[in-house]
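Using the hints, position chain B with the ligands against chain A.
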Amino acid sequence: MTVTQRSSLLVRTISTPIILIVILILIAVIAKLVGSGPFSRTVVEMFIRVMLVAGLYIFVGNSGVISFGHIGFMCIGAYAAAWFTIPPAMKAVTLQGLPDFLAQAQLPIFLSAALAGLLAAIFALVVGRIMMRLAGIAASIATFAMLAVINVVYSNWDSVTGGTGSIVGIPFYTGIWTALGGAILVVIIAYLYQISRSGLALRAGRDEATAAAASGIDIVRERLIAFVISAFTIGVAGALYGHFLGVVNPDAFYLGLTFITLSMLVVGGMNSLSGAVIGVIVISTIIQILRWLEKGIDLGGATLSIPNGLQEITIGLVMIIILMFRPAGLTRGREIVWRFGPWASKPSTAGEVAVSKNGA
Amino acid sequence: MSTALSAQHVSVSFDGLKALANVVLDIPPQRVTGLIGPNGAGKTTLVNVLTGFQAPDEGQVFLDGQPIGGITSHRLRRLGIARTFQSGRLFGELPVIDNLEVTGVGLGLSRRESQARAEAMLDWIGIGALADRAAGGLPYTDERRVAIGRALMMEPKYLLLDEPAAGMSAEEADDLITLIRRIVAEMKCGVLLIEHNIGLVLNICDHIHVLDSGEIIEDGAPAAIKASEKVRHAYMGTQAEAGGVVL
Ligand SMILES: Nc1ncnc2c1ncn2[C@@H]1O[C@H](COP(=O)(O)OP(=O)(O)OP(=O)(O)O)[C@@H](O)[C@H]1O
Ligand SMILES: [Mg+2]
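In order, the protein sequences belong to chains A and B.
Heads up: the first sequence begins at 21 in our numbering, then just goes up one per residue.
Heads up: the second sequence begins at 3 in our numbering, then just goes up one per residue.
Calculated from the structure, these hints are not laboratory results.
Glycine residues also receive a C-beta, built at the ideal position from the N, C-alpha and C atoms.
Be aware that one or more of the hints could be misleading.
[Stated by the list, open to error] Here are a few chain A residues that face chain B, going by a calculated C-beta distance under 7 Å:
(1) Leu29
(2) Leu220
(3) Ala224
(4) Asp227
(5) Ala229
(6) Ala231
(7) Ala234
(8) Ser235
(9) Ile237
For reference, chain B alone in the conformation it holds in the complex:
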């Protein structure tokens, strides 16, 4: 099987509600894979499945061809799969530097090593000045960047970002695009990007999957997605009506 983090025919339901239905999705290394879809489509649920937080009812998750079902979620991190959360979920009462150090400690590093790696990571992202700030009171944009830093501390092969640009201005979103490009190029990381900001997704992704009501209704290169009548109908329609993004 191919080198990728891969969901194969994954289905999940909550109390009869089908959150994911027979989903097939590959996250290849050193590529940005997009995942879009309306609210409640099942995007976060798919991330949860790929990172071991949610056991699928059917189907399997493969890491470079090896099934990784049944491994507890905290051990799964050590395989090189990292994620951020839609809601941030920083350790609010710890300083920013400690937020990153936790990941080092989780990998088995000493505190001294964790601190060194965390400092290097903050500088790499360009937020070294935040090191001693309490993570709880950070503005949105900084919070997102700290969360990405915390995930990158794992030196992951695959990084799953759940709506990292939510609430960002256009300028801040541009900075995020730059950061994601650097993550792919310099950290040799495969990225899954969940985002409602369609412009951002079309701009940066190599391949895009569209999820609607738990099903992948389309996947392809950005140009193909942009042109797809099906996508426009199922996804963009609802967004446009809601006053959202229009292509």
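Chain A extracted, bound-state conformation:
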């Protein structure tokens, strides 16, 4: 009888995050070389969306439960970063309701971002203890309700959040390298979660909840772990976003961004980390092209331009078309792996298997 000889899990799967990170680094280098301001801003935004979508993937991809609520964690993280880093003199004027220790605080940006992620994670732990008991559509609706509640609270708690208006004065910090660092961090966290015991257990529960229970898996617990980790990453993304714009207001963290990040995940393929990252890159590119078109392109005298507001419609159409031909997304739910030379990964990782049933 032949003994199955296989390399360790890490060796088999490590090529995926490495390839994704190399792609991200290449994009950053190109942006630096091009050097144009607007293009750099687009790339920073894209990296932050990589953080959001890879963070969202940690929960949605592994559990199979669609969440409409994760942008709420971004809201929590961005406001926390505002509380931690706006100079006390400004806070005394605009945010008079802040408790003393926050009103006085002016933390270093990275410490503040870590705490912002932690705050989002703690919030996720508290609400998740109840929400993770729900499954399927009920769970998705609960996440949507969570988003709405966060939005209402941050829009109306004027003395702490500035209400529906914007809070200004968040120190500018996030540039290409910081945003790249954030994106790489989240890709690594998502990869490590995916190959972890909890990641495997959750993916099993996604495919067959009953059989997972028969294998000794406590699905509610594993879902909660993924929910908290993904809330942390998205909270940090919110903080970096705050330091990118210098301004936060609650409606920046609501339906528009929820729609775009979910589209990116679905288009890329929500069952793989590669899908999450590829989805962001593809949709961001389309958005950028549309922005150019909205401004108008000079075609030897004649100017070609499209009406404003066509962005959402186009993304919607692109999503429908891609899903018609690739129901499991561009990556078909597989991971990108290195198949050449001495480092060739054998197929088969946590999620790296063809999706054989057409959404059935």
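Chain B with the ligands only, in chain A's frame:
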């Protein structure tokens, strides 16, 4: 009380329909216990009760004399009770090896330990070559063997198999018989075998229970079951009419 996984006077009903009525059944260690009965007799429901997926309305389940009612189903696995499902229920998008590893992880093993145990298990069953295949696209027979491997990863004292031979050819069923014998002999496991293939059941079981409309109508050694007029009447009659197995 005896060493066994044991259902004592178990009753279950769904919306007034009695699925199980006062069922008493013992699964002794290192024996193959058969459970047969026509479609809808309540066989799967009994497995669900024995594995904590279904709370009985009346009666109790005992593991080696200890009542195990009220323990959540995922914790029950760790007591050494494993099962397969009538419909397979593999983790379709995971590779075969990961399907087995899930059980190791559920037991609290690290991924490295789970992988080692899963590889050893696949080799033990003789399906090591399937390790990296997606579980979703497997042929029937392989699917069943992977499901058995996944359950055996628990190193269970008791293994409950819900129609493992459904859809198998005679040859494949023979391989299954060999596998079940090895499970009993080498893994020291008590097996409950639910099966419509009567030949297979008579061949391999030490003791057989016959369930009809939720009631155990007969139990005994294979020879006694084969000879039983009651069984022939209640069970085999319907099967024969349906063009099924005749003794
Ligand atoms: N969850 C449920 N809700 C309602 N009725 C159920 C449920 N599960 C089983 N039943 C009913 O209980 C009876 C016994 O079903 P069970 O699945 O245990 O039969 P079975 O002996 O396993 O049949 P088969 O040979 O077809 O697998 C059937 O009439 C079935 O319709
Ligand atoms: Mg059944």
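Verification of the hints:
no., hint, verdict
1, Leu29, "holds (6 Å)"
2, Leu220, "holds (6 Å)"
3, Ala224, "holds (4 Å)"
4, Asp227, "holds (4 Å)"
5, Ala229, "violated (9 Å)"
6, Ala231, "holds (4 Å)"
7, Ala234, "holds (6 Å)"
8, Ser235, "holds (4 Å)"
9, Ile237, "holds (5 Å)"
Checked against the numbered hints above, the structure violates only hint 5.
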